[in-house]
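**Q** So the chains spell out like this:
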Amino acid sequence: MAEVTQLIHQYLRHNKKFPLVFCPGCGHGIVLGSLVRGVHALGLSKDEVVVVAGIGCSGRIAAYVDFNTVHATHGRALTIATGIKMANPALTVIAVMGDGDAFSIGGNHLIHAARRNIGVTALVLNNFIYGMTGGQCSSTTPEGAYSHTSPMGQLEAAFDIVELTKAAGASGVARGTVFHVKALDGLITAALTQPGFNLVEALTPCFTQYGRGNGFKSAVDMFKWLKEKAVPRETYEKLEDKAGRIPIGVFVKRDAPGLETRYAAMRETLRAKKGGAA
Amino acid sequence: MSQIRKKRREAFLLGNEAVVEGALAAGCSFYAGYPITPSTEIMETMAKRLPQVVDGVFLQMEDEIASMGAVIGASLAGRKAMTATSGPGFSLMQEQIGYAAMTETPLVLVDVMRGGASTGLPTSPGQGDVQQARWGAHGDHPIIVLSASDVPECLEMTVVAFNFAEKYRTPVILLLDEITAHTREKIGLPEPGDFEIFSRLVPTMPPEWYKPYEETLRGVPPMPPVGTGYRFHVTGLSHDPLGFPTARPEEVRAMVERQFRKIDRFFHDIQLVEHVNTDDAEVLVIAYGCVARSARLAVRQAREAGVRAGLLILRTLYPFPRVHAEKLMRNCRLVVVPELNVGQISREVKRVNEGYTAVRTINRIDGQIITPSQILKEIA
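Chains A and B, in that order, give the protein sequences.
Heads up: the first sequence at position 47 corresponds to 47 in my numbering, and the numbers run straight through without jumps.
Just add 278 to wherever you are in the second sequence, counting from 1, and you've got my numbering.
Don't read these hints as lab results, they were simulated from the structure.
A couple of the hints might just be wrong.
To be verified - Think about it this way: if two alpha-carbon atoms lie no more than 20 Å apart in a straight line, the pair counts; the simulated EDC-like pairs of lysine to aspartate or glutamate are:
1) 605(B) to 542(B)
2) 605(B) to 557(B)
3) 628(B) to 582(B)
4) 489(B) to 47(A)
5) 46(A) to 3(A)
6) 17(A) to 492(B)
7) 605(B) to 518(B)
8) 16(A) to 528(B)
9) 489(B) to 463(B)
10) 242(A) to 255(A)
11) 17(A) to 656(B)
12) 274(A) to 486(B)
13) 273(A) to 560(B)
14) 16(A) to 486(B)
15) 253(A) to 228(A)
16) 17(A) to 486(B)
17) 16(A) to 492(B)
18) 605(B) to 560(B)
19) 46(A) to 185(A)
20) 253(A) to 163(A)
21) 229(A) to 163(A)
22) 655(B) to 560(B)
23) 182(A) to 3(A)
24) 238(A) to 163(A)
25) 46(A) to 486(B)
26) 182(A) to 240(A)
27) 229(A) to 240(A)
28) 17(A) to 542(B)
29) 16(A) to 529(B)
30) 17(A) to 528(B)
31) 16(A) to 518(B)
32) 166(A) to 340(B)
33) 253(A) to 185(A)
34) 326(B) to 185(A)
35) 227(A) to 240(A)
36) 253(A) to 156(A)
37) 605(B) to 558(B)
Since the structure is predicted, the reported quantities are computational estimates derived from the model, not experimental observations.
Please construct the entire structure, taking both the sequences and the accompanying hints into account.
**A** Encoded structure:
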């Protein structure tokens, strides 16, 4: 444990921004740890990593890590990440977003980032709720779940983040949970190495705003729930009764160059053509 | 100012195309946008030209909000970046403009104004975005707003816009109108060295000493591109000199005051105008954009008819060129402000004038130009 803690300390702004803003029982800190371990495992320097985050609880993650960090406007993290990656493709650009940030207000940017397959890794911290604004439903709140803006139970269907991103054309799509930490570490490391647009959905509990209103007794209950309901994709497919179960693992893994690479190639071709003509 | 009006390689360009020439002359290497009339030629020309520029990047984004985001990101990565739009798109960009002002991110935004409100008159001129340019983004923030009235000026003012953005670490808005943007004129293309080009100050101190939002002698802290060893936090939240969120009243106040001060104290550099016969003017016309061209003829005709008329053409709209306007107005018996809106700059004129001189406005909001004779009627 001490080793893990020391490793994380190398990457945190521990003398500036702590303690964390997150509630007790929140899973966001675990994702933060996974992110740091992923960067460390790949041997990336702190200077070549850029973390762009949106607004909300997950958005605060950017302030804690000692990378180049941008705390964007609500829903627009991917737009700024796109600008940075296209301006300097050598950088490893990570967009950290909540479910509301990525798929409600920023839904259009997400499907387009996937479609243009920009070389950005999107980390979506899905806790099924708007936490920082006090517990309103998001576009991933399950049908029937209670929130301050669905006091009679959510009537609208929830987005399946994995299916949506897959359909939009991302290079890599994966889902993990903060209970299955080792697996999550692996998913993030893989996403960071794969060219093109990669999305990792991390299921993370929000006891304060979601759990309490939906029958969970404690944050621990929510972790237990993740442990029971989440099953590896391969196992999930063989299940007879899939109700309430959540497949985790890698869903898309394709070797396609990122937009920044394709753009640079186009520029080269153009220059070669011009040179040839002259 | 007018070097490019003489000699040089000549071209027959739209105002919008001249904007691109100005941007490239200023060192712009990144464009992200979303098509909208009447600004589209800027984007189309950029799509052709930028891939030919070393490291140039052109992106068509999914909407105007994304365009501004990409431009902000590119600027943080050290590029001179721009976007262009028109009224409805400009409205969508407002939140991000505020973010750029708050984070002190240099960028250039060209808004080719059309008749409004809403979808309004997509292919007709208007000047209805003046107050939106100044106050569209929420909260108190400084901004620089420029304007141009003919094709060579489109080029020059784009260069000026980039220079101001870099010099003062701020978003700069260039307001054109449909007529200026779609007028085709002969123009001399710039050669390297024609313009003084500014690039942002980058820090030279060791990274651990660097404070991205520190008060400096000029009030404009240096700004390193991300990825060069200076790791700092960029946020739209009220932040301390290190860039981290703060809600301490003294820190919040100091930051906002510095942001305003860095623009205000350089008003002699920023407030650009052109004087036409203003020395002995007893009637002063204040105009900008396409209306300034009508005003030029009207003033000449008034002089021929024996009226001592003068014209002050505004190239900078904000900070409002008070130092120029105030002095002239005190010596006049009448100030005339023609514009293609219900009175967005005349509001500033009256504010600066403080009731000393009579102010007459000419306003047109039907998508039609204000003619020289319409202005002449008011001044002669």
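**Q** Does each hint hold? Answer for all of them.
**A** To see whether the hints hold, each was checked on the structure:
1. 605(B) to 542(B): Distance ~18 Å between residue 605(B) and residue 542(B) Cα, so the pair holds.
2. 605(B) to 557(B): Given pair residue 605(B), residue 557(B) holds - Cα atoms ~11 Å apart, limit 20 Å.
3. 628(B) to 582(B): violated, 28 Å
4. 489(B) to 47(A): holds, 16 Å
5. 46(A) to 3(A): Satisfied, since the Cα-Cα distance of roughly 19 Å is no more than 20 Å.
6. 17(A) to 492(B): holds, 18 Å
7. 605(B) to 518(B): violated, 39 Å
8. 16(A) to 528(B): holds, 19 Å
9. 489(B) to 463(B): Outside the cut-off at roughly 46 Å; violated.
10. 242(A) to 255(A): violated, 30 Å
11. 17(A) to 656(B): violated, 62 Å
12. 274(A) to 486(B): violated, 45 Å
13. 273(A) to 560(B): Since the Cα atoms of residue 273(A) and residue 560(B) sit roughly 61 Å apart, the hinted pair is violated (cutoff 20 Å).
14. 16(A) to 486(B): Holds: residue 16(A) and residue 486(B) sit about 13 Å apart, inside 20 Å.
15. 253(A) to 228(A): Distance ~26 Å between residue 253(A) and residue 228(A) Cα, so the pair is violated.
16. 17(A) to 486(B): With Cα atoms ~16 Å apart, residue 17(A) and residue 486(B) stay inside 20 Å; holds.
17. 16(A) to 492(B): Distance of about 17 Å is within 20 Å: holds.
18. 605(B) to 560(B): Measuring from Cα to Cα gives roughly 12 Å; hence the hint holds.
19. 46(A) to 185(A): Status holds; Cα separation ~18 Å.
20. 253(A) to 163(A): With Cα atoms ~13 Å apart, residue 253(A) and residue 163(A) stay inside 20 Å; holds.
21. 229(A) to 163(A): holds, 18 Å
22. 655(B) to 560(B): holds, 16 Å
23. 182(A) to 3(A): This hinted pair holds, its Cα atoms lying about 15 Å apart.
24. 238(A) to 163(A): With a Cα-Cα distance of about 18 Å, the restraint between residue 238(A) and residue 163(A) holds, given a limit of 20 Å.
25. 46(A) to 486(B): Roughly 14 Å between the alpha carbons, so the hint for residue 46(A) and residue 486(B) holds.
26. 182(A) to 240(A): violated, 27 Å
27. 229(A) to 240(A): holds, 14 Å
28. 17(A) to 542(B): violated, 33 Å
29. 16(A) to 529(B): holds, 16 Å
30. 17(A) to 528(B): holds, 19 Å
31. 16(A) to 518(B): holds, 12 Å
32. 166(A) to 340(B): Judged against 20 Å, a Cα distance of about 19 Å means the pair holds.
33. 253(A) to 185(A): holds, 16 Å
34. 326(B) to 185(A): violated, 43 Å
35. 227(A) to 240(A): holds, 19 Å
36. 253(A) to 156(A): violated, 30 Å
37. 605(B) to 558(B): holds, 12 Å
Consistency note: the structure conflicts with the earlier hints numbered 3, 7, 9, 10, 11, 12, 13, 15, 26, 28, 34, 36.
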